[in-house]
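Between the sequences and the hints, there should be enough to build the whole structure, so can you do that?
Chains as they are written, first to last, in the numbering used here: chain Y, 324 to 622; chain S, 324 to 622; chain A, 324 to 622.
Quick caveat, the hints were computed from the structure, so don't treat them as lab data. Remember, it's a predicted structure, so these values are computed and weren't measured experimentally. Each residue gets a CB set at the ideal place from its N, CA and C atoms; glycine is no exception. Do not take every clue at face value.
[Said to hold, decoys possible] Which bits of chain Y does chain S cover? Going by a derived footprint, with three or more residues having C-beta under 8 Å, they are:
| hint | segment |
| --- | --- |
| 1 | 349-363 |
| 2 | 367-379 |
| 3 | 409-422 |
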Amino acid sequence: MDSNTSSLTSIATLRTENVKPLNLLVFQTDFTYKEGAVAAMYGVVRSVSRDVEIITATHELPQYDIWSASYRLMQYLRFWPKGTVFVSVVDPGVGTSRKACCALTKDGYYIFTPDNGTLTHVEQVHGIREIREIDESINMLKTDLRSCVFHGRDLFGYCAARLAAGIITYDQVGSAYDPREIVRLAIQEPVITKGKATGILEIIDPNFGNVWTNIPTNDFVKAGFSQGDMVHVILRHGEELLYDRDTLFARTFADVDKGETLIYNNELMHISLAINQGNFLATYHAGHGSEYHIEFMKK
Amino acid sequence: MDSNTSSLTSIATLRTENVKPLNLLVFQTDFTYKEGAVAAMYGVVRSVSRDVEIITATHELPQYDIWSASYRLMQYLRFWPKGTVFVSVVDPGVGTSRKACCALTKDGYYIFTPDNGTLTHVEQVHGIREIREIDESINMLKTDLRSCVFHGRDLFGYCAARLAAGIITYDQVGSAYDPREIVRLAIQEPVITKGKATGILEIIDPNFGNVWTNIPTNDFVKAGFSQGDMVHVILRHGEELLYDRDTLFARTFADVDKGETLIYNNELMHISLAINQGNFLATYHAGHGSEYHIEFMKK
Amino acid sequence: MDSNTSSLTSIATLRTENVKPLNLLVFQTDFTYKEGAVAAMYGVVRSVSRDVEIITATHELPQYDIWSASYRLMQYLRFWPKGTVFVSVVDPGVGTSRKACCALTKDGYYIFTPDNGTLTHVEQVHGIREIREIDESINMLKTDLRSCVFHGRDLFGYCAARLAAGIITYDQVGSAYDPREIVRLAIQEPVITKGKATGILEIIDPNFGNVWTNIPTNDFVKAGFSQGDMVHVILRHGEELLYDRDTLFARTFADVDKGETLIYNNELMHISLAINQGNFLATYHAGHGSEYHIEFMKK
Chain Y
324 MDSNTSSLTS
334 IATLRTENVK
344 PLNLLVFQTD
354 FTYKEGAVAA
364 MYGVVRSVSR
374 DVEIITATHE
384 LPQYDIWSAS
394 YRLMQYLRFW
404 PKGTVFVSVV
414 DPGVGTSRKA
424 CCALTKDGYY
434 IFTPDNGTLT
444 HVEQVHGIRE
454 IREIDESINM
464 LKTDLRSCVF
474 HGRDLFGYCA
484 ARLAAGIITY
494 DQVGSAYDPR
504 EIVRLAIQEP
514 VITKGKATGI
524 LEIIDPNFGN
534 VWTNIPTNDF
544 VKAGFSQGDM
554 VHVILRHGEE
564 LLYDRDTLFA
574 RTFADVDKGE
584 TLIYNNELMH
594 ISLAINQGNF
604 LATYHAGHGS
614 EYHIEFMKK
Chain S
324 MDSNTSSLTS
334 IATLRTENVK
344 PLNLLVFQTD
354 FTYKEGAVAA
364 MYGVVRSVSR
374 DVEIITATHE
384 LPQYDIWSAS
394 YRLMQYLRFW
404 PKGTVFVSVV
414 DPGVGTSRKA
424 CCALTKDGYY
434 IFTPDNGTLT
444 HVEQVHGIRE
454 IREIDESINM
464 LKTDLRSCVF
474 HGRDLFGYCA
484 ARLAAGIITY
494 DQVGSAYDPR
504 EIVRLAIQEP
514 VITKGKATGI
524 LEIIDPNFGN
534 VWTNIPTNDF
544 VKAGFSQGDM
554 VHVILRHGEE
564 LLYDRDTLFA
574 RTFADVDKGE
584 TLIYNNELMH
594 ISLAINQGNF
604 LATYHAGHGS
614 EYHIEFMKK
Chain A
324 MDSNTSSLTS
334 IATLRTENVK
344 PLNLLVFQTD
354 FTYKEGAVAA
364 MYGVVRSVSR
374 DVEIITATHE
384 LPQYDIWSAS
394 YRLMQYLRFW
404 PKGTVFVSVV
414 DPGVGTSRKA
424 CCALTKDGYY
434 IFTPDNGTLT
444 HVEQVHGIRE
454 IREIDESINM
464 LKTDLRSCVF
474 HGRDLFGYCA
484 ARLAAGIITY
494 DQVGSAYDPR
504 EIVRLAIQEP
514 VITKGKATGI
524 LEIIDPNFGN
534 VWTNIPTNDF
544 VKAGFSQGDM
554 VHVILRHGEE
564 LLYDRDTLFA
574 RTFADVDKGE
584 TLIYNNELMH
594 ISLAINQGNF
604 LATYHAGHGS
614 EYHIEFMKK
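Put into structure tokens, the structure is as follows:
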């Protein structure tokens, strides 16, 4: 019963083993719950099978934001049992020639998504073993409602449910294509030297107002930064200076007073910035993307 | 396992067959997750039975908005297996003499709701075979908390759980009454002639900012409009002109540039308006209801 | 199947019986669905066991608001089957010396939470029979991601899943400590005499804009107030007068016109104020906490 948790101990050791799809479906979309789209999509899953578990990862992804879809998937994928089937629908190109696909990661996760960049971070961290284009002629819901605007309901959700339920095999999703053809977003790598680290704000935590850089904590520490150090931090949005101050590399939020800024090691082991019980994002008009340059200098 | 999906192929062919309630409960309310109401309601369901599946359709319906409750139910009902038990609680009249009921549609769905207009669209599309008033003397949760403000928890959720769990039969919900007594909201029909279609904005997609008319795409096409046509569109809110422009009847969003308006066939086969990756609703101060008149003219 | 509902009939009669943990996990946090935290936490649960049911109470608690966490837990706990395992994560002190604990109530509910005041209302209403500090050396998720910012994922969710799955017993959570050491928030008691009741706004219903006092309806009625009475109500925020008006103690919202204020008996049998289909909270700039004094006088 406890055996799956061993899979969490090391994501680095990727074993290419054969993992069968579980009857476990995890959804992320930008649909919100403001209308009936989620309920229609889940209804299709239930009509395919009563035996597939439905889990909501989130339906609050920012609209059309493929970068966030890609990052979030990578953020939580590793914590699920191998064989879990994910459905990600952030699909501004629905109805165009963008491929609808199902990827299989090197470590055994299945991901249904438009092939529009959503696989970028997962490929970087987990690797893609195989990718198949969904064959619409056999894996699309048959209904009187002929429209091409809701692939979440009619294609991704429906086909994923059939795979998770064991009605079709992975091969039956559709034809495999070369993983080198996968659409990728541009990922920027940090530059880390002795006593200095520069990178970007890769993603935000919009709830608590924290910002997460693309600098791995392990590399940061190897560069000579230690918890307890005061570090000179400069954050720029393009040319505009947003933040320029000595800041504590803290072990925990409570190491600084309420309202004070800190550098911390986030839950994915990346260097991040926060205000203790405050909102760094709003206070310093920060955001995420390659225009948000950040620099850490040892003093 | 796959047999239920056949029910999706044609909603038009309504068969009045006997469908037993499934142990599958789908909830929609205007409660939000900002306080403990949903958790209390779901707790009551779980205390009734461990064997009833609980699915959240949405708890984000606009407050007191019976029209939205009615429309959303119709939007997703057809995608669920026959026998699914729905609970809809938008209930501004809680504690008044409005009836608390359970309707059975002609095609075999069960719906617990205040009889306050929520059944309007479902009746129009699915038909109501039978309707029963919940007998509070036997189907209300017994608790020290005697109040009449939370029927979602004490009456609808509790009684629906008992039906879905097989503890009571449909007959035991309460006495049947004449479906002709059902409270109905006024539905407006579109007027469609050769080369011209007029209707209203029937509902909005508040997430993506699209607006959905009450004009069926099939009728629109029969009136001579084709995908690829430029169509003259006039939208008024009462006397106020909101939009007056030639607009493409597009096959897909990507047929127009980002930021451009298009006419499209929505997921329920109705004519709709959107801005590609933009927000028609906010841009043109649109809304939904009978005051939002829309006119399409062939050029 | 129906036996659990008897537990709802009287919360006053607390029986200290031995209740085994159910494989039923109920979560409340202040994480929101804006990023991947919930999905990571639920993934850990699923990796521990496929046999534990996951229910979302809410992830929309106000940020860092321990008072709300405490109140909401008390609001819905009683409606769940005995043995249900709750996880509450509002944790501004994560990484400090605050204890991570699992409490067992006198009537048999298990609650995983930081011991930071979250148990205040539950202790008052249900009583705490036993409390244990989670032993991080054995009950923390083993992963390459060593950080101390996400105990929801790595400690509370993981350990709760192991208890709910029967992998560990309650004793194996960690060492018991004296319930008298539990961190408590200050609760204010109302003062109720013949024809007069004074108290505070204890919590709000942020969705419908209602305010809930700490005055039990039973005591209010014993003090001589009856449904149908006009009652003189004075609400102050500190020195500032917010509301001073004769108001109907109504049986139901519809007893007053739309837009009118009423006094009503809320779903937890406490005296509350609302505007029928309006928003008392916004209209009168009300809030909750000990600075919001309210006074009811019989006329």
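Hint check:
Three residues within the 8 Å Cβ limit are the bar, and the segment 349-363 of chain Y against chain S gives 11, so the coverage statement holds. Check result for the segment 367-379 of chain Y against chain S: holds, 9 residues qualifying (beta carbon to beta carbon below 8 Å, three or more required). For a cut-off of 8 Å, the count of residues in the segment 409-422 of chain Y with a CB near a CB of chain S stands at 5, and the three-residue condition holds.
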